[in-house]
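Engineer: Here is how the chains run, residue by residue.
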Amino acid sequence: NAGVTQTPKFRILKIGQSMTLQCTQDMNHNYMYWYRQDPGMGLKLIYYSVGAGITDKGEVPNGYNVSRSTTEDFPLRLELAAPSQTSVYFCASTERLAGFTDTQYFGPGTRLTVL
Amino acid sequence: EDKVVQSPLSLVVHEGDTVTLNCSYEVTNFRSLLWYKQEKKAPTFLFMLTSSGIEKKSGRLSSILDKKELFSILNITATQTGDSAIYLCAVVIQGAQKLVFGQGTRLTINP
Chain A
934 NAGVTQTPKF RILKIGQSMT LQCTQDMNHN YMYWYRQDPG MGLKLIYYSV
984 GAGITDKGEV PNGYNVSRST TEDFPLRLEL AAPSQTSVYF CASTERLAGF
1034 TDTQYFGPGT RLTVL
Chain B
10 EDKVVQSPLS LVVHEGDTVT LNCSYEVTNF RSLLWYKQEK KAPTFLFMLT
60 SSGIEKKSGR LSSILDKKEL FSILNITATQ TGDSAIYLCA VVIQGAQKLV
110 FGQGTRLTIN P
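For the record, the sequence lines run as chains A and B. Here this note's numbering is used: the first residue of the first sequence is 934, the next is one more, and so on. Here this note's numbering is used: the first residue of the second sequence is 10, the next is one more, and so on.
By construction, these hints were calculated from the structure, which means they are not laboratory data. Misleading hints may appear alongside valid ones.
The list that follows gives simulated cross-link-like pairs (lysine to aspartate or glutamate, DMTMM-like), each with its CA atoms no further than 25 Å apart [to be verified]:
id, chain 1, residue 1, chain 2, residue 2
1, A, K977, A, D1006
2, B, K66, B, D92
3, B, K50, A, E1028
4, B, K46, A, D959
5, B, K50, A, D959
6, B, K50, A, D1006
7, A, K977, A, E1005
8, B, K50, A, E1005
9, A, K990, B, E10
10, B, K107, A, D971
11, B, K76, B, D11
12, B, K12, A, D971
13, B, K50, A, E992
14, A, K990, A, D959
15, B, K66, B, D26
16, B, K107, B, E48
17, B, K50, A, D971
18, B, K107, A, E1005
19, A, K977, B, E48
20, A, K942, B, E48
21, B, K46, A, E992
22, B, K12, B, E64
Covered, in the sense of this in silico footprint (three residues per stretch, anywhere, with C-beta under 8 Å from a C-beta of chain B), are these stretches of chain A [said to hold, decoys possible]:
id, segment
23, 976-984
24, 1039-1046
No residue lacks a Cβ here, since even glycine has one placed at the ideal position from N, Cα and C.
Please put together the full structure from these sequences, using the hints given.
Structural biologist: In structure tokens, the structure reads:
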């Protein structure tokens, strides 16, 4: 299993450009998440999904959009990039069963700089 | 508003020292608390705690949860330079299907 994969690893955008951060997991997990991590800070939840076709906002959703058409993929879209979106973006997934299986598996991250 | 606070934010010690990292929380509906270690890349899972007073151990690392006082500690004994990392605490909210992370503690172990 590859686990959670993210592309690209690095990207530089100009203000106003748009891009999609890709996230794929091959563990058949229902739950997927997008976080951003600013320098010296913890992770903040942008959007999450509890299954294909279902998404919901997290703590900092403004400026982002997501979709979940399949169990495996959870892309994050930036429509009009702003310098405030300079951050490292992590995708994560987890499988919730009846027991406490809350462990989240993280992708390697995408470092995004908006100039 | 659900909140997770870690302290200290930064800690520098010498190799061989013992450290204690703190995580306190105020959340609407607690399900579990997770500790992660983050080196250069993605966070890696350390512990999941759901019950008060039961210590989880993995080598030199251990952690315990106090659900009455709403905090958890992560202990690292006989620290090594490889323990240098950011340690993240997160609380899983029951029913909300999501985690709330603390700011992290940046631990530096000097030789």
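Engineer: For K50(B) and E992(A), compute the direct alpha-carbon distance and say whether it is at most 25 Å.
Structural biologist: 22 Å, holds
Engineer: Holds or violated: K66(B) with D26(B), Cα cutoff 25 Å?
Structural biologist: Cα-Cα ~18 Å, so holds.
Engineer: Take a quick look at whether K990(A) and D959(A) sit within 25 Å of each other, Cα to Cα.
Structural biologist: It holds: about 23 Å lies between the C-alpha atoms, which stays within 25 Å.
Engineer: Within a Cα-Cα threshold of 25 Å, do K50(B) and D959(A) meet the stated pairing?
Structural biologist: 20 Å, holds
Engineer: Are the Cα positions of K977(A) and D1006(A) separated by 25 Å at most?
Structural biologist: Holds: K977(A) and D1006(A) sit about 20 Å apart, inside 25 Å.
Engineer: Below or equal to 25 Å on CA atoms is what counts here, so check K50(B) against D1006(A).
Structural biologist: 21 Å, holds
Engineer: Can you tell me if the segment 976-984 of chain A counts as covered by chain B, using C-beta to C-beta distances under 8 Å and a minimum of three residues?
Structural biologist: holds (count 5)
Engineer: Quick one, are K977(A) and E48(B) close enough, alpha carbons at most 25 Å?
Structural biologist: The hint holds at about 18 Å.
Engineer: Quick one, are K942(A) and E48(B) close enough, alpha carbons at most 25 Å?
Structural biologist: Satisfied, since the Cα-Cα distance of roughly 16 Å is no more than 25 Å.
Engineer: Checking one constraint from the list: CA of K50(B) to CA of E1005(A), max 25 Å. Satisfied?
Structural biologist: Satisfied, since the Cα-Cα distance of roughly 22 Å is no more than 25 Å.
Engineer: Taking 25 Å as the top limit, are the C-alpha atoms of K66(B) and D92(B) close enough?
Structural biologist: 15 Å, holds
Engineer: Against the 25 Å threshold, does the CA-CA distance of K977(A) and E1005(A) hold or violate the hint?
Structural biologist: 22 Å, holds
Consistency note: the structure conflicts with none of the earlier hints.
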